[in-house]
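Undergrad: Let the sequences and hints guide you as you build the complete structure.
The opening residue of the sequence shown carries number 10 in the numbering used here; numbering runs sequentially from there.
Result set (DMTMM-like, lysine to aspartate or glutamate): computed pairs, CA atoms no more than 25 Å apart in a straight line: (1) K229 / E21; (2) K86 / E21; (3) K229 / E135; (4) K59 / D203; (5) K59 / D87; (6) K59 / D204; (7) K59 / D12; (8) K229 / D28; (9) K165 / E190; (10) K14 / D204; (11) K14 / E90; (12) K59 / D82; (13) K59 / E90; (14) K14 / D203; (15) K165 / E226; (16) K229 / E45; (17) K14 / D87; (18) K229 / D114; (19) K165 / E245; (20) K86 / D114; (21) K229 / D38; (22) K229 / E26; (23) K183 / E164; (24) K14 / D254; (25) K86 / E135; (26) K183 / E159.
Now the in silico label distances, taken between C-beta atoms and shown as ranges: (27) R208 / R170: 39 to 45 Å; (28) T198 / T228: 33 to 39 Å; (29) G217 / E135: 26 to 32 Å; (30) V158 / N206: 24 to 30 Å; (31) R208 / I155: 15 to 21 Å.
For the record, the hints were derived by calculation from the structure and aren't laboratory data.
Heads up, the beta-carbon is just placed ideally off N, CA and C, and yes, glycines get one too.
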Amino acid sequence: MSDYKVGFARQEITAWEPDMQIWGWFMPDNRVTGVETPLYVRAMVVRQAKQAIAYVCLDLGYVSVMLRQIVLDILTKDYPELGLGPHNIMLTATHTHAGPCGFSDVVAQTSASYGFSPVVMTKVAEGTVLAIRQASQRCVPATMRIASVEIPLGEKIAFNRSIQSFLRNRDILKVPHSVPEQATRRRSTTMRIDDANGRIIGMVNWFGVHATCVHAENTKLHGDNKGLAAQLMEQEIREITNNPDFIAI
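TA: In structure tokens form, the structure reads like this:
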């Protein structure tokens with residue numbers, strides 16, 4: 010796909026408070042003691058004529074309604090020239106279970122953190138807005154390409170942890186209990202974005218796998234498999250292309 014302008018940006022959103030529990034495990038002793046890997050928000054803005062869309066991914070367990078509303082309020086009130094609002098902003102999360110709590114006003118979502126945290130919410134919301142703004146400012150003529158690959162079952166990267174529930178579905182092919190990896194979607198889809206000179210400036214990958222490689226005994230914030238994959242990809246491509254602004258979502 011050509012005739013588009015695309016921009017990418019990344020901002021760190023690492024934030025936590027003393028005695029805060031790590032999101033994802035709901036265990037009283039699973040409290041944040043530090044940071045193993047920084048957490049980021051990554052944004053891609055695509056523009057064509059008067060149309061635009063912002064695709065955003067945060068190294069968090071989820072995106073709360075409150076977080077989305079704060080981000081939308083700031084963008085629509087303070088930066089209306091960007092033309093971004095509830096109709097064309099998608100906020101997503103890596104679903105890392107080793108992220109912070111406290112960025113929601115829903116009791117069930119804050120019960121593990123002993124309530125709402127202005128520290129975490131402010132850091133995450135401001136970082137998200139800044140990443141979207143910078144991605145919009147960096148939009149350049151670009152070409153987008155997309156491709157998919159089926160990951161072989163021999164690659165032990167995903168399995169179905171609820172095989173009994175899966176087998177109750179009427180519209181699936183039955184699989185043996187001994188091979189839960191067969192009860193997964195193995196397609197990995199990647200979008201690559203190149204600038205007008207053919208240099209890669211960003212990419213987005215979609216593959217369904219639970220971000221629970223870092224378990225409950227961990228006491229430090231961690232981006233888990235998705236966050237780590239993004240950081241490693243960015244490091245490698247930046248070195249190869251000499252492009253310090255390359256972003257991997």
